[in-house]
Structures are given as structure tokens and as C-alpha cells.
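> Using the sequences plus the hints, can you model the full thing?
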Amino acid sequence: MIGDRYGWVPLPNTIVKDEFETLLEHINDLDKKYLANWYTEDKNQLPESYVLKQREDKYIDYAAWEIVENKIRNILQDAASHSDLDNSTKDKYFISATESEAIEGIVPYLNTTEYQQKLLQLIPNLEQTDPTHIFGFFRNINTTTAIDDKFVSTDYDKAQKFKQNIKNILPNGNALSMDTSQITRDKLDEAYLYKFVTSVMKFLKHQIDKQVSQDNRSNNSNFEVEKLQQKHYLYQQ
1 MIGDRYGWVP LPNTIVKDEF ETLLEHINDL DKKYLANWYT EDKNQLPESY VLKQREDKYI
61 DYAAWEIVEN KIRNILQDAA SHSDLDNSTK DKYFISATES EAIEGIVPYL NTTEYQQKLL
121 QLIPNLEQTD PTHIFGFFRN INTTTAIDDK FVSTDYDKAQ KFKQNIKNIL PNGNALSMDT
181 SQITRDKLDE AYLYKFVTSV MKFLKHQIDK QVSQDNRSNN SNFEVEKLQQ KHYLYQQ
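Those letters in the sequence shown? Residues 1 to 237, per my numbering, in order.
Bear in mind the hints are in silico, worked out from the structure with no lab data behind them.
Any given hint might turn out to be false.
Said to hold, decoys possible - Straight-line distance between alpha carbons at most 27 Å, and here's what the computed DSSO-like set of lysine-lysine pairs gives:
{"#": "1", "residue 1": "K71", "residue 2": "K32"}
{"#": "2", "residue 1": "K90", "residue 2": "K58"}
{"#": "3", "residue 1": "K187", "residue 2": "K205"}
{"#": "4", "residue 1": "K195", "residue 2": "K90"}
{"#": "5", "residue 1": "K92", "residue 2": "K202"}
{"#": "6", "residue 1": "K167", "residue 2": "K118"}
{"#": "7", "residue 1": "K71", "residue 2": "K167"}
As the list claims (entries may be wrong) - Restraint ranges, calculated between C-beta atoms of paired labels, are given here:
{"#": "8", "residue 1": "P124", "residue 2": "Y194", "range": "16 to 26 Å"}
{"#": "9", "residue 1": "P124", "residue 2": "N87", "range": "26 to 36 Å"}
{"#": "10", "residue 1": "L120", "residue 2": "N142", "range": "35 to 45 Å"}
Fair warning: this is a prediction, and the values are worked out from it, not measured in the lab.
Even for Gly, the Cβ is constructed at its ideal location relative to N, Cα and C.
Quick look at the structure:
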């Protein structure tokens, strides 16, 4: 399910030393000191990296931490934008947690990850079949009804691009896009929910029936299935 907010962009927990030092070349002295309060060098990390400190004391409270988090994110994003780091490295400073899940969880979405490459060695046609097992719901809020930024925010354009990227890889029958409007600051017109629920149930039933049919046609013995499962487990290590 994707709405009209792009979502939270997390700070990297670790930044490899060479990469961190490249970023520092594009950060002023005052902001370097600010970063030093939160990222500390860990020489025991392989490869040697700078690690984000754990939140403590008043920063356990999210409201207090959010101010710090936003400032650190802005510093890192600005530095990454001006650096000569490759695009895939820069991306981690800008990609939301939700889109990161899509990158890891949907094989043909953007670039294939290291884990996905291992899966493709085991299941060569996964790039073609994976989207057939995914149902996407895209909620579109009429922006003229937006109140504050609870449902529609300044990252609206990024959210729309993310939606379109997902739509582009899903089969037509696996995507449901519905429009709605904001009624109050905390509430949307939820008339779309019935269609959403029935569509998801229909998709799940189809997937279950399809899997049962495939299992019934399969010639693999229990032993062969177990071998495949063990091989799959090994590729995840």
C-alpha cells in the first residue's frame, strides 16, 4: 500500500570510513562538529566505519530526536549531493524505509541486490515471476482537500514517482489505484476500503488456488523439495 507521503528516510547506522571522509570534504566545520557528536569511528568494524550513536537521555523522546535526525539527514544529503560518490551509494541517504523494502523485496525493482542475485542463481526466472505474487494498492488523495501535512507532504512528488515505479512492474490485475479526499485533519473519506478489501481477498484466493494447483502437478518428491529448501536456506547465509 502506497499513499501520498514518500515516508521516513532513516539515517545510515554505519558509514564506511572512506565514504564518510568523502562526505566530510563537502561539510563545513560547524556541521562536522555536529556530526562528530553522533557518528563515532569504530576501528573494530569491518570495514572500518563510523557508527551512529545510540539515542540516550532526552533523545529517547522522539520529538527531541526528530530535530537532531532532520539536521543530520540534511547535512549528509547535501554532502552526498555534492560528492563524487556513485549513484547507488548516494541513494541510501535519500531513499525511504518503504522504498528500501521494495528494493530488497521485489526482484525487478530498480537494481538487483546482492541477496537477490543469489536467489536468481537458485531460481533463474524469479525476476519474471516475482511481480505476479505481489498486489499493489495505490491511494491517491485529492491535493485540493489536503489539510496540514498528515497525508500529503512536501515529498509528494517523490511519493508519486515511487508509486509509478511499482506500477510499472506489476501485472495489470495486480494493481488497484483509488482516489479519495481528506475530510478532516485526521480522517480521509474511506469509501475506497470496501473495494480494497474485496480486491485483496480475491487476489489472495487466486494465489492460494494457483499454488495448490502447482503443487498437485509437481513431480518433485518430498526429498527433492527438501533439497531445494535446504539450498535456498544456504543462499540466505
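> Now tell me if each hint is right for this structure.
For each hint, the structure was consulted:
{"no.": "1", "hint": "K71 / K32", "in the structure": "12 Å, holds"}
{"no.": "2", "hint": "K90 / K58", "in the structure": "31 Å, violated"}
{"no.": "3", "hint": "K187 / K205", "in the structure": "30 Å, violated"}
{"no.": "4", "hint": "K195 / K90", "in the structure": "39 Å, violated"}
{"no.": "5", "hint": "K92 / K202", "in the structure": "36 Å, violated"}
{"no.": "6", "hint": "K167 / K118", "in the structure": "25 Å, holds"}
{"no.": "7", "hint": "K71 / K167", "in the structure": "33 Å, violated"}
{"no.": "8", "hint": "P124 / Y194: 16 to 26 Å", "in the structure": "40 Å, violated"}
{"no.": "9", "hint": "P124 / N87: 26 to 36 Å", "in the structure": "27 Å, holds"}
{"no.": "10", "hint": "L120 / N142: 35 to 45 Å", "in the structure": "41 Å, holds"}
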